[in-house]
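Q: Below are the chains, spelled out letter by letter.
2 protein chains.
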Amino acid sequence: MSDDEADRDEDGATGSNDGGELEDVLSTVQSRVDPDADERARLRAVAATLTERAEDAATDLVAGADVLQVGSSARGTWISGDRDIDVFVRFPPELDRETLAEYGLEVGHATVPDGHEEYAEHPYVKGEVEGFDVDVVPCFRLESATEIRSAVDRTPFHNRYLEERLDEALAADVRLAKQFLKGIGVYGSDLRTQGFSGYLTELLVVEYGGFRSLLEAAADWHPPVEIDPEDHGADISFGDPLVVIDPTDPERNVAAVCAMENVARLQHYAREFRTAPSVEFFEPREPTPLTEAALREHLSDRGTTPVAVRFETPELVDDQLYPQLRKSLAGIVTGLEDCGFDVLRAQTFAAETAVVLAELSVAERPAIERHLGPPIHVRAHAEGFYDAYADDPEVYGPFVDGDRYVAERAREWTTARAFLESDAVFDVGLGAHVETALEDGYDVLVGEETAALLPEFDRQLGAYFDPQP
Amino acid sequence: MSDDEADRDEDGATGSNDGGELEDVLSTVQSRVDPDADERARLRAVAATLTERAEDAATDLVAGADVLQVGSSARGTWISGDRDIDVFVRFPPELDRETLAEYGLEVGHATVPDGHEEYAEHPYVKGEVEGFDVDVVPCFRLESATEIRSAVDRTPFHNRYLEERLDEALAADVRLAKQFLKGIGVYGSDLRTQGFSGYLTELLVVEYGGFRSLLEAAADWHPPVEIDPEDHGADISFGDPLVVIDPTDPERNVAAVCAMENVARLQHYAREFRTAPSVEFFEPREPTPLTEAALREHLSDRGTTPVAVRFETPELVDDQLYPQLRKSLAGIVTGLEDCGFDVLRAQTFAAETAVVLAELSVAERPAIERHLGPPIHVRAHAEGFYDAYADDPEVYGPFVDGDRYVAERAREWTTARAFLESDAVFDVGLGAHVETALEDGYDVLVGEETAALLPEFDRQLGAYFDPQP
Numbered sequence: 001m002s003d004d005e006a007d008r009d010e011d012g013a014t015g016s017n018d019g020g021e022l023e024d025v026l027s028t029v030q031s032r033v034d035p036d037a038d039e040r041a042r043l044r045a046v047a048a049t050l051t052e053r054a055e056d057a058a059t060d061l062v063a064g065a066d067v068l069q070v071g072s073s074a075r076g077t078w079i080s081g082d083r084d085i086d087v088f089v090r091f092p093p094e095l096d097r098e099t100l101a102e103y104g105l106e107v108g109h110a111t112v113p114d115g116h117e118e119y120a121e122h123p124y125v126k127g128e129v130e131g132f133d134v135d136v137v138p139c140f141r142l143e144s145a146t147e148i149r150s151a152v153d154r155t156p157f158h159n160r161y162l163e164e165r166l167d168e169a170l171a172a173d174v175r176l177a178k179q180f181l182k183g184i185g186v187y188g189s190d191l192r193t194q195g196f197s198g199y200l201t202e203l204l205v206v207e208y209g210g211f212r213s214l215l216e217a218a219a220d221w222h223p224p225v226e227i228d229p230e231d232h233g234a235d236i237s238f239g240d241p242l243v244v245i246d247p248t249d250p251e252r253n254v255a256a257v258c259a260m261e262n263v264a265r266l267q268h269y270a271r272e273f274r275t276a277p278s279v280e281f282f283e284p285r286e287p288t289p290l291t292e293a294a295l296r297e298h299l300s301d302r303g304t305t306p307v308a309v310r311f312e313t314p315e316l317v318d319d320q321l322y323p324q325l326r327k328s329l330a331g332i333v334t335g336l337e338d339c340g341f342d343v344l345r346a347q348t349f350a351a352e353t354a355v356v357l358a359e360l361s362v363a364e365r366p367a368i369e370r371h372l373g374p375p376i377h378v379r380a381h382a383e384g385f386y387d388a389y390a391d392d393p394e395v396y397g398p399f400v401d402g403d404r405y406v407a408e409r410a411r412e413w414t415t416a417r418a419f420l421e422s423d424a425v426f427d428v429g430l431g432a433h434v435e436t437a438l439e440d441g442y443d444v445l446v447g448e449e450t451a452a453l454l455p456e457f458d459r460q461l462g463a464y465f466d467p468q469p
Numbered sequence: 001m002s003d004d005e006a007d008r009d010e011d012g013a014t015g016s017n018d019g020g021e022l023e024d025v026l027s028t029v030q031s032r033v034d035p036d037a038d039e040r041a042r043l044r045a046v047a048a049t050l051t052e053r054a055e056d057a058a059t060d061l062v063a064g065a066d067v068l069q070v071g072s073s074a075r076g077t078w079i080s081g082d083r084d085i086d087v088f089v090r091f092p093p094e095l096d097r098e099t100l101a102e103y104g105l106e107v108g109h110a111t112v113p114d115g116h117e118e119y120a121e122h123p124y125v126k127g128e129v130e131g132f133d134v135d136v137v138p139c140f141r142l143e144s145a146t147e148i149r150s151a152v153d154r155t156p157f158h159n160r161y162l163e164e165r166l167d168e169a170l171a172a173d174v175r176l177a178k179q180f181l182k183g184i185g186v187y188g189s190d191l192r193t194q195g196f197s198g199y200l201t202e203l204l205v206v207e208y209g210g211f212r213s214l215l216e217a218a219a220d221w222h223p224p225v226e227i228d229p230e231d232h233g234a235d236i237s238f239g240d241p242l243v244v245i246d247p248t249d250p251e252r253n254v255a256a257v258c259a260m261e262n263v264a265r266l267q268h269y270a271r272e273f274r275t276a277p278s279v280e281f282f283e284p285r286e287p288t289p290l291t292e293a294a295l296r297e298h299l300s301d302r303g304t305t306p307v308a309v310r311f312e313t314p315e316l317v318d319d320q321l322y323p324q325l326r327k328s329l330a331g332i333v334t335g336l337e338d339c340g341f342d343v344l345r346a347q348t349f350a351a352e353t354a355v356v357l358a359e360l361s362v363a364e365r366p367a368i369e370r371h372l373g374p375p376i377h378v379r380a381h382a383e384g385f386y387d388a389y390a391d392d393p394e395v396y397g398p399f400v401d402g403d404r405y406v407a408e409r410a411r412e413w414t415t416a417r418a419f420l421e422s423d424a425v426f427d428v429g430l431g432a433h434v435e436t437a438l439e440d441g442y443d444v445l446v447g448e449e450t451a452a453l454l455p456e457f458d459r460q461l462g463a464y465f466d467p468q469p
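Note that the protein sequences, when read in sequence, are chains A and B.
Residues 1 to 469 in our numbering are what the first sequence spells out, letter by letter.
Residues 1 to 469 in our numbering are what the second sequence spells out, letter by letter.
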């Protein structure tokens, strides 16, 4: 294959491994991720049964309904062991939403007799059939993806687009790509991961003509990367580091959720893998749980002061919880830094409890702070500032620095703990449910007190002190 | 007088004191600064004698030479007690510089028999005559100030310009203005003070038509303030907060030396004086000497950590010393801040020893620092960074933050003392003679060790801990 021959980047800095070792690794991975004939046959049989059941139920309800198997199991891109079957039931667009929902559930229960109802944009039925996890989802049957009324209506168009382009070889490469992205921790478009969705992965493999050439390209990406498979001529600026215009909808960036860090990680690991191929890239890293002794040693080596705000985890699905945790993390970091408590690194974790952890370079400040006043030539403001401080015996100044007054006045918070334990923490821009959780009470842990986060977060802290790209 | 009637600024924020109190204060000051008839007569007599002696000596040497009394004593703008008489000897422009210097000294010695030679741009003779300090300075007699060959050639033009415009009343106001500027600490265009020269003060009083209206105007200045008494139409951007185009030379800003702080101080004290007139504004503040006990109390109240670099004062005139000290101060402050040692305020003093003092909000940093690497898409740099740190057991990371690598590595200096005691202090951009002085050895004082600066700098430190506008 041409794309794993020895090559150099434009700067001549890096050569990839010779193809032999890389191909050996890929065969090993392929043998793990490719479903064998037996698995394929079983899936095909179950899918056929489900489709038949759904078709019978749907056409009983309304003429013009049809049924479509979609997703990776429909396209032969699932990874061996995945047991998801997605059955989409398409109803005529004349139906109103309520009837669609009602019919959808009826068909769902008929298809998956032991199923239960779940609620996304539409309610749908989910359940187990012969060891497979089955979703039966209703949607509208439309002429074009631009007419969609909800996200699920788009799925049949995605499915058709990919089915037309994925042959056996590309499907195999999709499996490699998915496993690679899983291995490096960036697979999944949920809002916790903010990584690469299955559909995005398949589009990238199709676009670049395979897994190896996708890696070769990604290693040299200069974000923002814009990919427009159907040449829609994107006239919309997305502002995302990776833009893949949906072939079925020119206004949608399939990679909108993908965080800049995860694009960068793909670039990093693409280079690393090509330089020194190993199956380890395809195996998600399990962080070593941190012991209390190791925590103390890290803190002593680093000389920093960790502070943690710990509270009961709000009862939310991950797609709601993690954006709120990240918002709260950003707010608390900004709040700390605005008070002069410099943050070296920060992170948020959640399990039974949730934690915003900030590792401080500076955890204490002196009793006074420099307070910069207005330019002296802005007379009314300047006089107001001067008069406010001139007679305060606690204040040094006002004096003149450059063209401004400066006063040295008492600092509100001289320790990070005092700041975090005060009501000021509610003014930093917390996520709404995090704010509610904090109102019910929270702990502030400082320095070695953070050992109280063990063992609940021993793996997260293990990863924190062994940070990887 | 119209300019001290009750008035309001545009924002209506401030009323000035009613004129009576202000006028009472000004009369008191006037009675102190106005030379009485006896003093005037004595000065006139001595000046006449000196002029005659100089004329005789000069015309003996070269036809076309003449003599001019210049400066505040010539214009009646000196403050009572000042005892400076400046005699300028003008030679024809055909003379070469060497002959000018030679003749100048000859005339100088003839005029001031006990005088000694000093060296500015030209050598000149300085000495005491009947209790007056006399300078006899040679210069070229030119048609226009734009033809000047050195700064002293300009003086006769300045003198003529002011003599034509200063009447008795304005001269009295110049004396008030000078004493006010002395009182608030901004009089003098030497490079230690960086304030208002005598010539600048006289121009401002002439321009605004008096001391009271100068204060009224200054209180409302919006720097950059541009004053162009002869409407030269300045086509040069000076970049200074106060620009007074020299009436005798359109390319020169008479206020070029005047620091932004000193312009701001004039604005501040102009407002304060007009609001609450007092003779104190005309009396230079004598800072209370700081005791060791008071120093300790300030440090404990403020919670800061002062650090001082102390060395033998380079043997330089103030006009060379203070710019070098200020440059060294700026360099050391930047050096400290670049290492994470946040500076609250800093100052330099000189006597027998010289000191750069920085008061730190943060005097210690943890063992590690965040080191931001290149964007991951800048492949050659990114790979170089990653390879440099990936296998270093002392380094945490590299990991990915945004689109960049970050490594947490050992910090070079964890205390300000270690930084200041290291050779790194020579890389911060010290003044040349300060650098030489430091090479001969210096002390680093931290925290209460700065008590060793007492009593040498007890007044400077008294002022430091009682900062005024």
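Source of the hints: derived by calculation from the structure; they are not laboratory data.
Fair warning: this is a prediction, and the values are worked out from it, not measured in the lab.
Certain hints may be false.
Which copy is meant is left open, so a pair is good if it fits within one copy or across any two.
The calculated lysine to any residue pairs, modelled on SDA-like cross-linking and capped at a C-alpha distance of 25 Å, are [stated by the list, open to error]:
#1 Lys-126 - Pro-287
#2 Lys-182 - Val-62
#3 Lys-126 - Glu-52
#4 Lys-126 - Thr-436
#5 Lys-126 - Ala-276
#6 Lys-182 - Asp-403
#7 Lys-182 - Arg-404
#8 Lys-182 - Gly-402
#9 Lys-182 - Phe-399
#10 Lys-327 - His-433
#11 Lys-126 - His-222
#12 Lys-327 - Phe-399
#13 Lys-182 - Ser-237
Q: Does each hint fit the structure? Answer for all of them.
A: Against the structure, the hints:
no., hint, in the structure
1, Lys-126 - Pro-287, "neither (33 Å within a copy, 83 Å between copies)"
2, Lys-182 - Val-62, "neither (41 Å within a copy, 98 Å between copies)"
3, Lys-126 - Glu-52, "within (17 Å within a copy, 116 Å between copies)"
4, Lys-126 - Thr-436, "neither (32 Å within a copy, 81 Å between copies)"
5, Lys-126 - Ala-276, "neither (42 Å within a copy, 83 Å between copies)"
6, Lys-182 - Asp-403, "between (57 Å within a copy, 20 Å between copies)"
7, Lys-182 - Arg-404, "between (55 Å within a copy, 21 Å between copies)"
8, Lys-182 - Gly-402, "between (56 Å within a copy, 20 Å between copies)"
9, Lys-182 - Phe-399, "between (59 Å within a copy, 18 Å between copies)"
10, Lys-327 - His-433, "within (11 Å within a copy, 53 Å between copies)"
11, Lys-126 - His-222, "neither (41 Å within a copy, 72 Å between copies)"
12, Lys-327 - Phe-399, "between (39 Å within a copy, 21 Å between copies)"
13, Lys-182 - Ser-237, "neither (29 Å within a copy, 62 Å between copies)"
Checked against the numbered hints listed earlier, the structure breaks hints 1, 2, 4, 5, 11 and 13; every other hint is satisfied.
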